[in-house]
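J.: So the chains spell out like this:
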Amino acid sequence: MSHTGPTTATLPVTEPGDRTAPLLSLRDLRVHFRTERGVVHAVDGVNLDIADGETVGLVGETGSGKTVTARSLIRLLPSPPAIYVGGQALFRPRTACGQCAGSGCAKCHGAGYVPEPCQVCAGAGCEGCQHTGRHTLDMLKVSGRVLRTIRGNNIAMIFQDPNKALNPNLSVRKQLAEVFSEHRAGELLRDAGLEHEAGALLRRSASGRSSFLERRTLDLGPLRSRHRRLEAVIDEHIAGALADTHVPNPKKIMHRFPHELSGGMKQRVMIALALACGPDLLIADEPTTALDVTIQARILDLIAELQERRRVAVLYISHDLSIVRQISDRVAVLYAGRLAEVGPTERLFEDPLHPYTRGLLAAIPAFGQRRGELVPIEGTVPELVDPPPCCRFHSRCPHAAPACRHVEPELHARPSIQSHEAACFLYEQADALGVDARDMPSMGESGPPAPRVGEPSADEEP
Amino acid sequence: MEIREYVVRRLLKLPLLLFLVSVLVFGLSRIGGSPIGIYLEHDMTHEQVVELEERFGLDESLPEQYVAWLGGLFRGDLGFSAVSAAPVATVLPEKLAASLELSVLAAFIAFGLGIGLGTFGGARRDRFADHATRVIAVSGASLPLFWFALLVLILFYLVLGWAPLGRSDPYLYGQIVHPTGLYSVDALLNGHWPAFVDAIRHLWLPALVLGYEGLATITRVMRSSLVDELQEDYVDLARSKGLPERFVIKRHARRNALMPTVTVMGVAFGLLLQGSVVVELIFQWPGLGRWIATAVLRGDQATIMAFVLVAAVIFLLANLAVDVAYAYLDRRVVLGE
Amino acid sequence: MHALRVRLRRLARLSRAVLRNPSASAGLVVIVLMLLMAVFAPLLVEANTPDPYQMPRDWAAINAPPGTPGHPLGTTPEGGDVLYGIVWGSRLSVRLALTVASITLAVGITLGSLAGSIGGRWDEYIMRVVDVFMSIPELILALAIAGILGPSFRNIILALAVVGWTQYARVIRGEILKVKQKEYVDSARIIGETPLRVYLRNVLPNSLTPIIVIATLDMGKIVLVGATLSFIGLAETGLAEWGNVVSAGQQGVVAGRWWVATFGGAMVFLWALAFNMLGDGLRDVLDPRVEGR
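Note that the protein sequences, when read in sequence, are chains A, B and C.
Just so you know, we're using our numbering here: the first sequence kicks off at 1 and counts up by one.
Just so you know, we're using our numbering here: the second sequence kicks off at 1001 and counts up by one.
Just so you know, we're using our numbering here: the third sequence kicks off at 2001 and counts up by one.
Watch out, some of these pointers could steer you wrong.
Stated by the list, open to error - With a cut-off of at most 30 angstroms between alpha-carbon atoms, the simulated BS3-like pairs for lysine-lysine come out as follows:
no., chain 1, residue 1, chain 2, residue 2
1, A, K174, A, K252
2, B, K1250, A, K174
3, C, K2178, A, K252
4, B, K1013, A, K252
5, A, K252, C, K2180
6, A, K107, A, K174
7, B, K1250, C, K2180
8, A, K107, A, K164
9, B, K1013, A, K164
10, B, K1250, A, K141
11, A, K164, A, K174
12, A, K251, B, K1013
13, A, K252, A, K164
14, B, K1250, C, K2178
Quick caveat, the hints were computed from the structure, so don't treat them as lab data.
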């Protein structure tokens, strides 16, 4: 696969048992869709790591495959058209710190959570956990049952349009209670003091499994007071979750229906829903696109604050570069189903390597820019049905060369700056690829010449 | 506006509608000319005819006749049924009870089974179960009920001999008391097991046939709305919470898909009312349907008018119930106009 | 002229889309076959005298099963030839469907347009009348009308026409109200187009789409209800009409004589099925909201 050593879109593999392996590792993720026109290669070989507590921004235009990538982490794609062709989505969940039970201490570095040790080797490192010592799950292959324990619990998702993502006919309370009931039933019973006295009916109610008739029976029968206690505990949890997202008057709001709330409020409800069970990873699929700009800023602040407090890793998907710049630690640029560039945020913005990234940044209207000076990227996204082996951006790239049209570039870092990589032949050596040097692209007039191995970044001069 | 207010408001609108319906029904009875025809005999003299007209009040103006008729209605006088040779008001209750027994069971089949089948097919879109469900749905809309009933009769009565005609075995029927007029219920109340079995034996097949059109309609709408709802974002959100698929379908998708389905239930009620005419005729069920089928052949106006009135009242009430149910399901609706 | 050509091209495109739908095209084929059978009835089966719409009675061959010489599909208890009833019955069905549909469309669209466009008291009154008619299930009202007027095919047509216009009135009124709220009507008015032109140019073409679907489905339903009425006995005795044929065969069913009822009813079923499939196909093509994204 990679021809010049390990890439660092994936973080370096660590010593066995040190358990600092990344929270999420995507390895050659491939997701295709069977359509009438053929098999669409929506995501075609994505490698990406996310560390505990890290925010990674996934940027790309519509059709780049960013939503598909995100949804495949929890297998949330409609399965007849979607096929998980290959690759792995390795997830390494965390568990509450034994020492402080989630409140934060020296052992867990204040996070309250520690990586869950591998069940086979108890953290020592083995084949099963790829010597990381961490409990590892391939989300693409786990059973439905395991998948459902992870969803909402360890990996949660915020959707783009809060108007459509919340069920309009269920109250906020009901929709939040669902998450708590699904994953924290035991805790709910304990908090209500019903741990030992709860019979089947109460247990079913706590875990959200009771039918309409069962609930009526509980409300009207001898178990009424106990049921009320349980409901009160649920109310407390919901109010707490809503308060965490700065929803005013949670006790009142929770009895409302989604259409009675404003856009910003609905989004807060969705965030509260996602964070209810303290997930390790939050997938945010363009959460602010449907909101007013002013509300946007507040929601972003909220996400950042919650992330700080709870040490949640965030995969933030957006087409808006300015937003991504604000909140991400690292940025991954996705184009036509493959990663074009990955790197630390500021570095990527100040020194974009891939011509696509450069184009994106150049296209953002700057304050003070006058009419007629907007610079779009020429051309359109290529058809993704059975794409030929080539750089997918070549048809729109100002530097395109014959090599670009026949060989597919892989993510590759310049030796001097390991953490920042681009999939572009501008940064690779012809002989290493076995390609004629004349077929390689060069910066030309558009920019500085491609750096040679060993030379310090000569491309600093414009 | 609260649901209670909404119901009250709708109920208040009923009288006007019922009044207009009564006008329509009355007008109906007079479109064929004066109803004196049914009482005439060949060798009547002119004086005798005039005397008859006076006796029945048919010499007065139309509005006056209408008022007289309406007055009679409120007094419980619905006219005299020629086909039953008895006052309509006497015959009506027992026929109504018989039809009710049949229709209620048919309604349960149509609505209950319809929702179930529709959900079943909709959740398994384009798989075999879905196609099988769709065949039922489409055929129900095109199948002539009278033909279907006859074919079913051929199969179950002629070939298999499983289903008897009529409503009951007269011997068993005579053995019990009839407080409600509903044979099966009365049998249970009497604790008379053989009579109950007899009731069910006669009941199940016509109920199934009667419910078929409604079943097809409900199934079709339920399936299509479920397919639509399953494509909404909130379904994905529910899945992303880790809920098992069956809860996602039951608690989220199906609940919302019930809205258009409930709307169609009003139509399905109408189909049940209509279908009872043909089904009762073919299965020899002694209910309102068969009563009017015979009345219509003889031009028995009193019976026809009474039947149309009863049908209208039932239909209007059913639609009201449907609207209330819908308001309960759709929380976005701001009740009131 | 150009506008006309655009419309024709659009029509061609829609027709192709409909024909691509297998069930819709199957329905269309059946409909065409039935129409042909109706048109060429005298050539297929010799007309009866003096009234071709009365089934010829062969008193020598009553209750004959299918395959009897001279009566390929059997006969009724009165010796009426079932094949004759089928073939000539198609003529009556075509006549029934076309007559009732034209009347109900004309009345319904007119009243509905008046209610929707003029609004105000007209709207109130017309819609009240619609509500009253719709308070009674269609078959029952038609039954009552035909029953009081007396058994005859003409009265069946009349009854169905009286009952069937309300759906079109409601739909057209709804469409007009919807369009009234759309911006392009306002802009047309601002430009200065007269209300009638606004109506004809903008409102009517868009409202036609659901009407076409409903009308197609209605063609099936009319014959279905009409056959039910004649089955109950509201047509002339011995009339060569499908429902009537089934009625003639009804008594024989319990005695094992299945053919009369089966063949007669099968025709009604085929007719309704064909129009339903065509109507569903049209709806899929014409309705912007197609199932599945």
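J.: Taking the hints in turn, state whether each one holds.
T.: Hints versus structure:
| no. | hint | verdict |
| --- | --- | --- |
| 1 | K174(A) - K252(A) | holds, 13 angstroms |
| 2 | K1250(B) - K174(A) | holds, 14 angstroms |
| 3 | K2178(C) - K252(A) | violated, 37 angstroms |
| 4 | K1013(B) - K252(A) | violated, 36 angstroms |
| 5 | K252(A) - K2180(C) | violated, 40 angstroms |
| 6 | K107(A) - K174(A) | violated, 37 angstroms |
| 7 | K1250(B) - K2180(C) | violated, 39 angstroms |
| 8 | K107(A) - K164(A) | violated, 42 angstroms |
| 9 | K1013(B) - K164(A) | violated, 36 angstroms |
| 10 | K1250(B) - K141(A) | holds, 26 angstroms |
| 11 | K164(A) - K174(A) | holds, 16 angstroms |
| 12 | K251(A) - K1013(B) | violated, 39 angstroms |
| 13 | K252(A) - K164(A) | holds, 22 angstroms |
| 14 | K1250(B) - K2178(C) | violated, 34 angstroms |
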